[in-house]
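*Asks:* Top to bottom, those sequences are chains A and B. At position 125 of the first sequence (counting the first as 1) the number is 125 in the UniProt record's numbering, and the numbers step up by one without a gap. At position 88 of the second sequence (counting the first as 1) the number is 88 in the UniProt record's numbering, and the numbers step up by one without a gap.
Don't read these hints as lab results, they were simulated from the structure. Mixed in with the good hints, there may be bad ones.
Claimed, not checked - Taking lysine to aspartate or glutamate pairs in the DMTMM-like style, the calculated list, with each CA pair at most 25 angstroms apart, reads:
1) B:K153 <-> A:D67
2) A:K30 <-> A:D91
3) B:K153 <-> A:E217
4) A:K30 <-> A:D155
5) B:K153 <-> B:D70
6) B:K153 <-> B:E130
7) A:K30 <-> A:E127
8) B:K153 <-> A:D155
9) B:K19 <-> B:D191
Unchecked claim - Partner residues aside, some chain B positions facing chain A, computed with beta carbon under 10 angstroms:
10) R73
11) L78
12) F86
13) A123
14) M143
Unchecked claim - So the derived list for chain A, only partly shown, Cβ under 10 angstroms to chain B, looks like this:
15) T7
16) R15
17) P19
18) L33
19) L34
20) V66
21) F68
22) T85
23) S160
24) I169
25) G174
26) A198
27) A218
Model, not experiment: these values are computed from the prediction. Using N, Cα and C, we set each Cβ at its ideal position, and we do this for glycine too.
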Amino acid sequence: MSEILTTFFNLDIARQVFPFLLEGLLTTFKLSLLIIPLGLAGGLLLALLHTQSHYRAVRILVNCYVDFFRSFPQLVLLIFVSFATPFLGLDLPPILSLAISFTLSTSAYYCEIFRAGIGSIPPAQTEAARSTGMSAAQTLAHVVLPQAVRNVTPDLLGNSLEIVKGTSIASVLGMSELLHNAQSAQSVLFSPTPLMLAALIYLLLLWPAVRLVSNLEAAMRLRSRH
Amino acid sequence: MDATPSLIHTFFNPDILAKTAPIVLASAGQTVLLGFLIIVCGIGLGILLASLRYYTRRRTVTALIVGYVDVLRALPPLVLLIVVYFALPYVNVSIDATLATFLCLSAILSAFIEECVWSGIAALAQGQMEAARSTGMTWSAAMRHVVLPQALKIALPQITNRCIATIKNTALGSVIGFNEVLGSAQAASSDFANPTPLTLSALVYIAMILPFVLFSRYLEHRTGSH
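Bound conformation, chain B alone (with noise of 0.2 angstroms):
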């Protein structure tokens, strides 16, 4: 009979909340600044090099490009976090941890991003390039008038995807110490012996990512439609 006010004192203590939220949600003003970081810098990389993949016509630099991200798209985020982290000292690099989070999930997220546009840019048809340039714009006006703007439409949904497990991955930084939301919590969690910081770090990182995931859900519904 009293299973269920038993579980509510656990696991969302008031008391317990009331002493540690400020904690935990001062750490996810801190996650949700990295992540808008993140995701800028590694949409503007990832759109800069599918560009530089569709301008040259040097193989060796294609090659580049496709070995970087191929890498980064092979390698486990963790791994790429934990190899940046604890490798690097040993060549007297010593690098933070916020640092860090936010080199790797931008290099990953561009690689991802840059796999996406390229996409959308091999989905347009050669003509609309051509045209484009036959109107008398140069390449990089064509680039951001027509070819881009059409390319992004068709990798929106694979971007927002990209952006949702991007989110979640700075999760992973509190495996090298950088103090988000989880961290945070954990650190509170073991304090107060009680479970109700690790509840509101869940609460808090499914209120994060929830609009990108009904946003991702939106825009299948509209292509579905048509």
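So that you can see chain A by itself, here it is in the shape it has in the complex (with noise of 0.2 angstroms):
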């Protein structure tokens, strides 16, 4: 028992790495800080696009984009974006591959929901506010979208849960977040325990919000039966 505690929590090598590890944790809230509001306004204009437009073509555009990015793998897509660029003449950093291809994929996954979070909203409530002598924009921006966002803010903060735990695949293209730290560390230092370290970290810091999403679900589901 104490021969596995010290390989897989051998204390030294915990206190030597932790800090490499931190820095990692820098970077994979950095990249969480980029991608999320990246993808929460492309998949908001993109529902608005749907939802507000006269036109069946720009719907059935849009169905189109989001069936093609959500059967779209991230890591294919991003793999795809940064090794098949410098085929067109383009060298993107690691950074630009990697918020192209989550903001294209995300954002399909957030028009979901924001289009699901505006249909929530009975259109006799848009016809009021605007037989008051609101404009449209003004409809959507103080009617429409305060009650649809938080109709569906449990899935909002589920796919932003999805997103960070989802930048752990930035390690791939050597970007150093935290897993990528990690696994540099045990194959430096041969020993699994940074690796045990970074997966604790995950879990302290995203154990707290995957409950706030379950107990927000469950909320909601008990407010709507009634």
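Starting from two chains that each stand alone, build the complex the way the hints lay out.
*Replies:* In structure tokens, the structure reads:
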């Protein structure tokens, strides 16, 4: 038992690599803070196009975009963007490949969520707001969207959580986020402790988020039943 | 003027396609088989865990199930995969990449399925089980014929979404050397110094996942129309 502990949770090694892993964690945070707002903006834009457009063709195009990128695995998209663009004569830095591929696919998911939120608001609300003299944009900004976002908050949080987890695949491009730093430390020190420590850090940080999403979903179900 | 032909020549080169397609498609067969096994095992285990959580009156059992589910929902799949694949050899347990992918993704899927099925059961009226038991059905017969069919029907859209995520995650196996579609395409792409195999791998993944995405859209449409 103690042998297993000194292998997997070697305190000397843990102390040694902890600052390095924190550096990686900081990059994980930065990547999430870059990608989540981009995805939210893209998703909202697509959802507005879908719900507000009078043209059937626009709705069909948005649906095609969403279905296409929901079927495209994140890692395959990331590898495709970063390994195929050099053949076009473009040499994208990894951060840009990451931002492009994540924005393309996460905006598809956020679009579906925003669309469901906007769909949950009865059309009579829009009609009432418009009849008071509000413009279409004011109605969206002050009446429809605030309620729509509140109705889908658990889904928005859940999707953002998935994106934070997804930043771990940036390690494949050699970006020094948490997982990548843990893997380098593991191969340099020849010890699994950095990997276990990284898993523990992910767990400690994301577990509260998982609980929060579950509880919000349960509260939402309860509210919709009444 | 000749931008289009040269684009096709680079990204969908017929000669290279003819040479590499057999390799990529062979690994597609493996990926489909593994994906199928993961989905069957993950869903089976998830339903079993949700039923156990419903059946048990012991707090410790419930806490263990909830802990299992939360940990696997909080850990990024790639982190789990890398910990299992690279950390276990330190205690002389060597595990091959295919088995590691299978175990990790099945465990993660079972956690998400447990959560979906559990909320499906929770959405049913308690009277369902009681009424079934009062007709003389045993607990397991009532579960199989009354509670689970209804709970699964409620959970079907979420279950479909998790299956989509799981098939997409099989691409992560390429990181630890499981020879799935992306892995073999990357190898072929660097052998021929051409992105055509990568394009093919993206198309293969989309072809595998799109039916599930369309099915989930159909489910959403069906429930939305009521």
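*Asks:* Now, for every hint given, state plainly whether the structure supports it.
*Replies:* Now for the hints, and whether the structure bears them out:
1. B:K153 <-> A:D67: The given pair, whose Cα atoms are some 23 angstroms apart, holds under the 25 angstroms limit.
2. A:K30 <-> A:D91: holds (22 angstroms)
3. B:K153 <-> A:E217: Holds. K153 (chain B) to E217 (chain A) sits at ~18 angstroms (cutoff 25 angstroms).
4. A:K30 <-> A:D155: holds (22 angstroms)
5. B:K153 <-> B:D70: At roughly 23 angstroms apart (the allowed maximum being 25 angstroms), D70 (chain B) and K153 (chain B) satisfy the hint.
6. B:K153 <-> B:E130: holds (20 angstroms)
7. A:K30 <-> A:E127: violated (42 angstroms)
8. B:K153 <-> A:D155: Distance ~20 angstroms between K153 (chain B) and D155 (chain A) Cα, so the pair holds.
9. B:K19 <-> B:D191: Holds, at about 11 angstroms.
10. R73: Interface hint status for R73 (chain B): holds (5 angstroms vs cutoff 10 angstroms).
11. L78: holds (5 angstroms)
12. F86: Holds, about 6 angstroms.
13. A123: Nearest chain A Cβ about 7 angstroms off; hint holds.
14. M143: violated (21 angstroms)
15. T7: holds (5 angstroms)
16. R15: At about 19 angstroms, which exceeds the 10 angstroms cut-off, the nearest Cβ of chain B leaves the hint on R15 (chain A) violated.
17. P19: violated (20 angstroms)
18. L33: With a minimum Cβ separation of about 17 angstroms from chain B (threshold 10 angstroms), the hint on L33 (chain A) is violated.
19. L34: Violated: closest Cβ of chain B sits about 17 angstroms from L34 (chain A), beyond 10 angstroms.
20. V66: holds (8 angstroms)
21. F68: holds (7 angstroms)
22. T85: holds (9 angstroms)
23. S160: violated (14 angstroms)
24. I169: holds (6 angstroms)
25. G174: Violated, about 12 angstroms.
26. A198: holds (7 angstroms)
27. A218: holds (7 angstroms)
When each numbered hint is compared with the structure, violations occur for hints 7, 14, 16, 17, 18, 19, 23, 25.
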